[in-house]
Each structure stands twice: as structure tokens, then as C-alpha cells.
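Since the structure of chain A is already known, use the hints to place chain B on it.
As they're listed, the protein sequences go chains A and B. For the first sequence, our numbering begins at 29 and goes up steadily by one. For the second sequence, our numbering begins at 29 and goes up steadily by one.
If you are wondering where the hints come from, they were derived from the structure by calculation, not from laboratory data. Don't take each hint at face value.
[What the hints assert, rightly or not] Cβ-to-Cβ under 10 Å is the rule here; a few derived chain B residues that face chain A:
(1) His56
(2) Glu86
(3) Ile90
(4) Phe95
(5) Ala97
(6) Ile105
(7) Lys108
(8) Ile115
(9) Asn147
(10) Gly197
(11) Ile198
Given the structure is predicted, the values throughout are model-derived calculations rather than measurements. Using N, Cα and C, we set each Cβ at its ideal position, and we do this for glycine too.
Number of protein chains: 2
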Amino acid sequence: MEELKRRILSDAMVGEGDIIRVDMFLNHCMDMDLMERMGAVLAKRYRGERVTKVLTAESSGIALACFTAKALGVPVIYAKKFQTGYIDPDVYSAETHSFSLDKSYTLRVSRKYLTEDDNVLLVDDILSNGQTMLSLLELVSKAGGEVAGVGVAIEKSMREGGRVLRRMGIRVEALATVEAIEHGQIILAD
Amino acid sequence: MEELKRRILSDAMVGEGDIIRVDMFLNHCMDMDLMERMGAVLAKRYRGERVTKVLTAESSGIALACFTAKALGVPVIYAKKFQTGYIDPDVYSAETHSFSLDKSYTLRVSRKYLTEDDNVLLVDDILSNGQTMLSLLELVSKAGGEVAGVGVAIEKSMREGGRVLRRMGIRVEALATVEAIEHGQIILAD
Chain A
29 MEELKRRILS DAMVGEGDII RVDMFLNHCM DMDLMERMGA VLAKRYRGER VTKVLTAESS
89 GIALACFTAK ALGVPVIYAK KFQTGYIDPD VYSAETHSFS LDKSYTLRVS RKYLTEDDNV
149 LLVDDILSNG QTMLSLLELV SKAGGEVAGV GVAIEKSMRE GGRVLRRMGI RVEALATVEA
209 IEHGQIILAD
Chain B
29 MEELKRRILS DAMVGEGDII RVDMFLNHCM DMDLMERMGA VLAKRYRGER VTKVLTAESS
89 GIALACFTAK ALGVPVIYAK KFQTGYIDPD VYSAETHSFS LDKSYTLRVS RKYLTEDDNV
149 LLVDDILSNG QTMLSLLELV SKAGGEVAGV GVAIEKSMRE GGRVLRRMGI RVEALATVEA
209 IEHGQIILAD
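If we strip away everything but chain A, and leave its shape as in the complex, we get (with noise of 0.2 Å):
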């Protein structure tokens, strides 16, 4: 998405190791016009493929996933990160790990908004390890679910979770794919 691309290369900075940081308008601070274009793009991509639900992990995923669910007329559910809130206590739970945190965090959904009728789309602001789609591809397969694919902002192809996931079968749609990092640049595909 040309749009999303033009913004990166403009506006994101990169922090140490290979942190791109986004959050002057994707997860921090939200342009909101960029982001129903970019739920707009999401949801065209997946269009026809009879999604039911979009899934997304707290936090920085809702924005997104509100958007693309908007445009396919779906709700979205997010997996609760932290106790917060009321959640039914009859859960589908999933482990899930933050390498850039070095932190485990255990995801959950209450056992009746995923069913073994749903075919899902898993929805994030950026792909990188992989490890939270893992862990919400996890939590639709133990509701007995499909997943339709994967769809994010920004896919950092050079960590591993884009390959994993395709190499699962799973289609994955990234809106602008970061390819390396080099000298402080941001590097991206086509």
C-alpha cells in the first residue's frame, strides 16, 4: 500500500536492534484517516473469503482490526494480554512470548465468541517473530475454527514469523513489508 509506504519512509524511526518505531501514527499515536484506508485495503484482500470474526492480541492491534472488521461488516474480538476488565472465566488460553520484551504473556478469549463455525482473520500492526499470530492461531484452532488468513500493517520480513506462517499454509498480507535495516535505513520490498 502505497499510502503506508510513503508514511514509513517519511515518518518511522528506527531504534535499537532492529525496532521500527511507528508510534508518531500506527501505535502510539493513530492517524485515523490511514487507518480506515489501511482496514479498507485489508478487508478488500480477504473479501469473498466468508470471514466471520477478526482476531487481534491487546493493544496495538485493535485500531486495525476495528477497521478491516468494519469494512467486512464482522466484530472483532480481542485476546485479552492482561487482567483487566471482566472476562468469563471459560477461556481458550494460548502462551505467547515478546522476544524485543523477553516476556511471556498468556492470551485469552472467552470460550463463546470463537466456535468451531468461524473462520477467522488474525489482524496485528506488525509481524515480526510471529509469536502472537502463533498464539491466535492457536486459540481459533481450539475453538475448532478456521483461520482465513493473516493481515497486518507491516511485516518485517527479515524475522522469521511471515515464513513460519506461510509455510503453515496460512496466507499472509502485509500492507508494507520492511526488508532489512541497514545504516539506520529502513529498507522496504518492491
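Using the frame of chain A, we list chain B on its own:
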């Protein structure tokens, strides 16, 4: 907002104490059409107030904040409650406490995204004791900005949050007001 009131009366469940479970449409599995319409109503109420940003806290207010901000044509900032993903170390921070979970958190917003030029609408899903709103208010005050008001889907008026905020001179708009829970029944205002 009649649609939300009907939805509460038809779907919401009463948990222990005075917990209102709206996880089936508002804050776990989320109805995007309802969410968009709620955002449009909140935006309409604050149009003319020259809102520059919508501020919410992780995670349950993010969806409503997004659709409200989209309708107002402004960005959303979500204050981080947890150490996830990248955040600039240079933040405004405020302590908050969840009575229902008996847990304290530090809310953090990068200094870059709140300034003295901002007129901020605070959005969340539910207003109960008002602890989250008071902390968001503190973040805006620390940045030297103004608070245009508070917008929530549900205010629990048997709790003190709304009263405290209004006594401070802050405009509070709720799309539905729960006055009481009696014998397991939710009693709405009007």
C-alpha cells in the same frame, strides 16, 4: 442513545457486585456497527469544541476512541498501561487504580503527542469510579493542554466518577447511564 440502551437491556449481564458484563458487544467481542454509531454520536456532541485529539487508555476504550476520533477528524492516542511494544522513554505518567481488580497501574503517554496546544477529548468504554479518567486528565494537565470533556459508552451513576468529574467543571457525555442494579436487573436512567 436508544440503540445502546436497548442493547444493554437485551444482552448485558450482571456479574458479582455491580459489575455489568458487556463483553458480548462492547469490550471483548465488539460490534463494529454499533461502535461506529456510538463514535458518531459522541463526535456530534463535541463538534464545535475544537477537539484536537482523542485520548484513551489501554485497552477497552480503544475501539470507541477510534470511531469517535475518525468522526471528528483527529488522531487517537492511547495511554500505555503495560510495557508492550516501543514507547519513547520521555513520557508523561500518572498513577491509576482499578478498584474492581484492586490493582494499580502507571499510565504513560509520550511527551511528543500531548502538547499545550491540545484540546483533548477523553474516551473510554465505561465510567465507574473515574480513576482512569482522572489519570488521563492528569496526563493532559501535565502537558499543559486543555480537556474538552469526557465521552463514554456507559456511565455507572451509582459510582462517583461522573459526579467527581462534573464537580471539577468537566463536561461528561455518556451514551447510556446505569443508575442501579436491583435484584440482578440493570436500571437505566430515563
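Results for each hint:
no. : hint   : result
1   : His56  : holds, 6 Å
2   : Glu86  : holds, 5 Å
3   : Ile90  : holds, 5 Å
4   : Phe95  : holds, 7 Å
5   : Ala97  : holds, 5 Å
6   : Ile105 : holds, 5 Å
7   : Lys108 : holds, 7 Å
8   : Ile115 : holds, 6 Å
9   : Asn147 : violated, 16 Å
10  : Gly197 : violated, 27 Å
11  : Ile198 : violated, 23 Å
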